[in-house]
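The listed protein sequences derive, respectively, from chains C and P.
Quick note on numbering: the first sequence equals residues 1 to 243 in this note's numbering.
Quick note on numbering: the second sequence equals residues 1 to 243 in this note's numbering.
Read the hints as simulated data drawn from the structure, not as lab findings.
Just so you know, these numbers come straight off a predicted model, no measurement behind them.
Incorrect hints may have been included.
One copy or two, it doesn't matter: identical chains are merged, so the pair holds either way.
[Stated by the list, open to error] Derived BS3-like pairs (lysine-lysine); straight-line CA-CA distance at most 25 Å:
1. K188 - K220
2. K242 - K194
3. K146 - K166
4. K186 - K158
5. K76 - K213
6. K18 - K48
7. K186 - K48
8. K220 - K186
9. K188 - K213
10. K213 - K186
Number of protein chains: 2
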Amino acid sequence: MSDPRITIIGERLKEISKIVAVSSGKGGVGKSLIASTLALTLARKGYKVGLFDLDFTSPSTHIILGVEGLQPKEEKGIIPPQVHDLKYMSIVYYSGEQTLPLRGADISNALIELFAITRWNRLDFLVIDMPPGISDATLDIIRLVKKINFLIVTTPSKLAFETVRKLARLLAELKIPIIGVVENMKIKDSPFIKQQVECNDLNFWGEIPFDNKLEESLGKVDRLLETVFARELKEIVSENLKL
Amino acid sequence: MSDPRITIIGERLKEISKIVAVSSGKGGVGKSLIASTLALTLARKGYKVGLFDLDFTSPSTHIILGVEGLQPKEEKGIIPPQVHDLKYMSIVYYSGEQTLPLRGADISNALIELFAITRWNRLDFLVIDMPPGISDATLDIIRLVKKINFLIVTTPSKLAFETVRKLARLLAELKIPIIGVVENMKIKDSPFIKQQVECNDLNFWGEIPFDNKLEESLGKVDRLLETVFARELKEIVSENLKL
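Extracted from the complex, chain C is given alone in its bound form:
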């Protein structure tokens, strides 16, 4: 990677205090909802926050935030639009409704381009909605973002946790910090995930109950922040990030 844009990326991210990459072993665990709600929660607490949707497989934070059709402003790079107190950037600005998948090399290139052009300026937190699981894109983002911290989302299911185990092992090999694991969509009282997280030497942040009101709040941020889901996440975040 001798791409001159790499140096620019370092400059672009210099003024960001903490970068949290919200990730998961597999899709469908609520990763995008947690990334969006985490970003909104931090913004409502008065922090300067950016949200960056890099989930190439199924970008959805624009639906959660209710901002479909938005376009960023170009000015010596790209200034992320201000949305619900967030600076918000998403790959859908560029990928739009196209059906064909980007090939591996194109994804790498798109990632470098997006990080190089986006002018976040000063931020307390940049929350990244990662692609689920372990992919070339995950590795690319890790290479590009030096100060990255992972927050991993799982459900109570064994199927989800098996994939978390693999992701955590990869991150450990690459010496990338994992700040915590959140157990989402909890239905029954069971210590399974907490035990597994702790015996894999990871930090269990807490659990969030399954919330069937969530679907109705998609696209309506004020309603989203009133859900049990958002209130539980807020407590977990305040406690673990010591805000």
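Once you have looked at the hints, place chain P on chain C.
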């Protein structure tokens, strides 16, 4: 693709009557559970059935079937092990516990190899557990398997259906048949998915209620087939495949 293995693949798949690729727009919608249960259900009805796990992102049918650690027999290619009345093949036989993701070209190559070496012989149905969403691997499988039919799984969520819309549009452009859409994990009575499916000119197969007994049945096939989930799926399949 002038790879000589491509011709072999045609030969290998010639004796299979129907190939059903169970797919989804995004992960976490129950795709692998539906693929496994569909295959088991057809086998219990007396059909000759193969199950092929090609979900590179998070293979899990081996956990659902309770056959971790299995290895296939080599004999002029690979004979898939017989598991619970199924011929069962999975990429985990080869990928095992490795943490690094396969790069795009390696996935293409692994797919060609797997299809070229696997000796299914005569089958009434081959059920493929596809990678979620639209990826290079999806396109590769479509190119390799001429007689492929897609069965798409979604949840009631708008976030899941948005990704189904994209997948369906891609398949339509490629002229690949979609035999139906199953709505999984239904909690509340809502016509949203059925309406969306039908106004996108797709065939709505039916809905399956959210079943919190499913988790306990992972790895226990007899128990799995007794769940509400499996019984509903069986009815939907019998009706739509006219068995």
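Consistency of the hints with the structure:
1. In this homomeric assembly, K188 and K220 come within 25 Å of each other (Cα to Cα) only across copies, at 20 Å, whereas the closest approach inside a single copy is 28 Å.
2. Proximity of K242 to K194 under the C-alpha cut-off of 25 Å is restricted to the intra-copy arrangement: shortest distance 20 Å within a copy versus 45 Å between copies.
3. Taking identical chains as interchangeable, the C-alpha atoms of K146 and K166 lie at most 25 Å apart only when both belong to the same chain, with a minimum of 21 Å there against 33 Å between chains.
4. Both within a single protomer and between protomers do K186 and K158 lie at most 25 Å apart by alpha-carbon distance, with minima of 13 Å and 21 Å respectively.
5. For the homomeric pair K76 and K213, neither the shortest alpha-carbon distance inside one copy (42 Å) nor that between copies (55 Å) is at most 25 Å.
6. Proximity of K18 to K48 under the C-alpha cut-off of 25 Å is restricted to the intra-copy arrangement: shortest distance 11 Å within a copy versus 55 Å between copies.
7. Taking the shortest alpha-carbon separations for K186 and K48, neither the intra-copy value of 30 Å nor the inter-copy value of 38 Å comes in at or below 25 Å.
8. For the homomeric pair K220 and K186, the shortest alpha-carbon distances inside one copy (23 Å) and between copies (22 Å) are both at most 25 Å.
9. Taking the closest pair of Cα atoms, K188 and K213 come within 25 Å of each other both inside a single copy (18 Å) and across two copies (11 Å).
10. When the C-alpha separation of K213 and K186 is checked against a cutoff of 25 Å, the pair qualifies both within a copy, at 14 Å, and between copies, at 14 Å.
Hint check: violations occur at hints 5 and 7; the rest are consistent with the structure.
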